[in-house]
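Number of protein chains: 2
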Amino acid sequence: MADPALFEFLHTEMVAELWAQDPDPGPGGQKTSLLVLEGMGFRVGQALGERLPRETLAFREELDVLKFLCKDLWVAVFHKQMDSLRTNHQGTYVLQDNSFPLLVRMASGLQYLEEAPKFLAFTCGLLRGTLSTLGVKSLVTASVAALPACKFQVVIQKP
Amino acid sequence: MADPALFEFLHTEMVAELWAQDPDPGPGGQKTSLLVLEGMGFRVGQALGERLPRETLAFREELDVLKFLCKDLWVAVFHKQMDSLRTNHQGTYVLQDNSFPLLVRMASGLQYLEEAPKFLAFTCGLLRGTLSTLGVKSLVTASVAALPACKFQVVIQKP
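Those protein sequence lines, which keep their order, are chains A and B.
With the numbering used here as the guide, the letters of the first sequence map in order to residues 8 to 166.
With the numbering used here as the guide, the letters of the second sequence map in order to residues 8 to 166.
Derived from the structure by calculation, the hints contain no laboratory data.
Owing to the predicted nature of the structure, the values given are computational and were not obtained by experimental measurement.
Do not rely on the hints blindly, as some may be mistaken.
One copy or two, it doesn't matter: identical chains are merged, so the pair holds either way.
Claimed, not checked - Listed next, the in silico SDA-like pairs over lysine to any residue satisfying Cα-Cα at most 25 Å (straight line):
hint, residue 1, residue 2
1, K87, T39
2, K144, D10
3, K144, E24
4, K144, L92
5, K144, F16
6, K144, A12
7, K165, D71
8, K158, Q88
9, K38, T19
Kindly generate the complete structure, drawing on both the sequences and the hints.
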């Protein structure tokens, strides 16, 4: 069986490598690294979306797709389910993980909050990529109020 | 359970990203990307080496350490065991994988052989890093004669 920590170790190295290339980035440089991570996550999400078993090939409702992310995708990548899923029933969903694995190893404390975005960009892309494979176009952003909890906001883009 | 393809997808993205940053590298540029991948592999290997369960904390012989790589490490990362392990009994070991997962998705054919090194650098580092955690200093190189088989040569550095 795959060691569940392998993905986390590799993710850590990826983030470190992208920041090492540009150790003192201005706002623009940092943004580029975040976009690169998001793009990598998107493509991994697309590939996983094609691979993960689905009970039905076509989901009946948008909410079914989001539940698939919270359960199947999260277990495949993070070995746990998302803690909560809320929606405004108008195409916006908030997925909350109370102990997000990629933040757990970070020291907690307000002073580390500004480091959080680089550990979330890949996963935003992962969600967007998986949704894309499932035929749903979306915008995904993440926010952290108290480490290691975080929220992913998914806004569905209507055609 | 972790999806076993997750590591492969992420590895593919890492390689693609490092080459995208330097799409037409001279010999020097390409060498840098290989070193970066090898370094990432080394640190992931170090971390995994600390994490993987060992039957005995101290291996009695060098050969035990190499068997640990061929079995435990390979299963943790690639979900299979190495196909063969040979040694000259003078500190050089050849580990052969007849169907190395990171090369399987590559099209076969002699014309792709020159692309192989970028898919092997991370794993060379992985072996070197795990050995390092186990207290063994080494040099690890890889060679491919016929895709997707490959050989990793480990030369133990005596203190």
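Now for the hints, and whether the structure bears them out:
Within a single copy, K87 and T39 get their C-alpha atoms no closer than 30 Å, and across copies no closer than 37 Å, so neither meets the 25 Å cut-off. In this assembly of identical chains, the alpha carbons of K144 and D10 lie at most 25 Å apart only when taken from different copies (24 Å versus 32 Å within one copy). Within a single copy, K144 and E24 get their C-alpha atoms only as close as 30 Å, which misses the 25 Å cut-off; across copies the closest is 24 Å, which meets it. Taking CA atoms no more than 25 Å apart as the test, K144 paired with L92 passes inside one copy only; the shortest distance there is 18 Å, against 48 Å between copies.
In this homomeric assembly, K144 and F16 come within 25 Å of each other (Cα to Cα) only across copies, at 21 Å, whereas the closest approach inside a single copy is 30 Å. Proximity of K144 and A12 under a CA criterion of 25 Å is satisfied inter-copy only: 24 Å between copies versus 30 Å inside one chain copy. In this assembly of identical chains, the alpha carbons of K165 and D71 lie at most 25 Å apart only when taken from the same copy (16 Å versus 58 Å across copies). For a Cα distance limit of 25 Å, the shortest separation of K158 from Q88 inside one copy, 13 Å, qualifies, whereas the shortest one across copies, 39 Å, does not.
Proximity of K38 to T19 under the C-alpha cut-off of 25 Å is found in both arrangements, the shortest distances being 18 Å within a copy and 22 Å between copies.
Of the numbered hints stated above, the single one contradicted by the structure is hint 1.
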